[in-house]
Amino acid sequence: QKEVEQNSGPLSVPEGAIASLNCTYSDRGSQSFFWYRQYSGKSPELIMFIYSNGDKEDGRFTAQLNKASQYVSLLIRDSQPSDSATYLCAAEARRASGTYKYIFGTGTRLKVLA
Amino acid sequence: EAQVTQNPRYLITVTGKKLTVTCSQNMNHEYMSWYRQDPGLGLRQIYYSMNVEVTDKGDVPEGYKVSRKEKRNFPLILESPSPNQTSLYFCASRIPTGNTQYFGPGTRLLVL
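So the protein sequences, as listed, match chains V and A.
According to the numbering used here, the first sequence is numbered sequentially starting from 67.
According to the numbering used here, the second sequence is numbered sequentially starting from 3.
Certain hints may be false.
Said to hold, decoys possible - 25 Å max Cα-Cα, derived SDA-like pairs, lysine to any residue:
id: 1; chain 1: V; residue 1: 122; chain 2: A; residue 2: 101
id: 2; chain 1: A; residue 1: 59; chain 2: V; residue 2: 161
id: 3; chain 1: A; residue 1: 59; chain 2: V; residue 2: 163
id: 4; chain 1: V; residue 1: 177; chain 2: A; residue 2: 41
id: 5; chain 1: V; residue 1: 108; chain 2: A; residue 2: 88
id: 6; chain 1: A; residue 1: 59; chain 2: A; residue 2: 101
id: 7; chain 1: V; residue 1: 122; chain 2: A; residue 2: 41
Keep in mind the hints are simulated off the structure, nothing from the lab.
The structure displayed is predicted, hence computed values, not measured ones.
Model the full assembly from the supplied sequences, consistent with the hints where possible.
Here you go:
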């Protein structure tokens with residue numbers, strides 16, 4: 067079983083619409099969650115992180131966390147063609163050694179249609 | 003400018019020929035990691051380092067070595083590359099309690 071699961075997509079939305087990206091995780095001990103955007107052939111860049119249940123907003127982006135359901139989502143309002151990319155969800159999990167690591171999902175490809 | 007650099011960016015090699023991919027960061031970060039990214043498998047951690055001379059295995063360390071002799075540098079060594087190590091490699095760094103992990107530009111490796 068994958069530890070962080072995402073639908074691979076592609077998720078296609080029209081320009082100006084809300085894009086909703088979802089992620090589930092299996093480790094109940096995970097405390098922090100991250101959304102990265104990755105353009106084709108480029109490195110991932112952090113969009114948002116969240117560690118408390120509820121919503122966290124930053125500009126056009128809103129991250130939502132529900133620890134009871136082990137569910138994280140990212141909403142992109144007023145989607146633009148420049149938002150077309152792969153979005154990676156990551157959970158921070160604790161190793162047996164006590165250190166922390168990131169576990170990444172395989173990403174959801176978003177296409178915003180002009 | 004705060005950045006993580008990797009070299010080379012592209013590399014084609016043959017099975018068994020030792021190679022090193024360099025990684026350097028100018029942010030004085032303690033934590034550095036190497037990841038590989040493969041279609042359908044996502045980003046997987048190869049090795050990580052918590053500080054100078056402190057390294058440990060990630061999830062897929064087989065066939066790789068690392069060293070951390072200086073805080074800014076974290077080279078990835080493939081002693082005897084094999085075709086299944088063909089992948090896109092990313093180096094990353096962050097502070098121990100930081101939420102932002104900075105990624106290098108990536109190294110695309112093809113092993114024939």
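Structure-based check of each hint:
Straight-line distance between C-alpha atoms of residue 122(V) and residue 101(A) comes to about 15 Å, which keeps the hinted pair within the 25 Å bound. Restraint check: the Cα-Cα separation between residue 59(A) and residue 161(V) comes to about 11 Å, which is no more than 25 Å; the hinted pair holds. Under the criterion of a C-alpha separation no larger than 25 Å, the hint pairing residue 59(A) with residue 163(V) is consistent with the structure, at around 11 Å. Proposed proximity of residue 177(V) and residue 41(A) is supported: the alpha carbons are some 18 Å apart, at most 25 Å.
The hinted pair formed by residue 108(V) and residue 88(A) meets the criterion: a straight-line CA distance of about 17 Å does not exceed 25 Å. As the CA atoms of residue 59(A) and residue 101(A) are separated by approximately 21 Å, the hinted pair is consistent with the 25 Å bound. Restraint check: the Cα-Cα separation between residue 122(V) and residue 41(A) comes to about 30 Å, which exceeds 25 Å; the hinted pair is violated.
In this structure, the one hint that does not hold is number 7.
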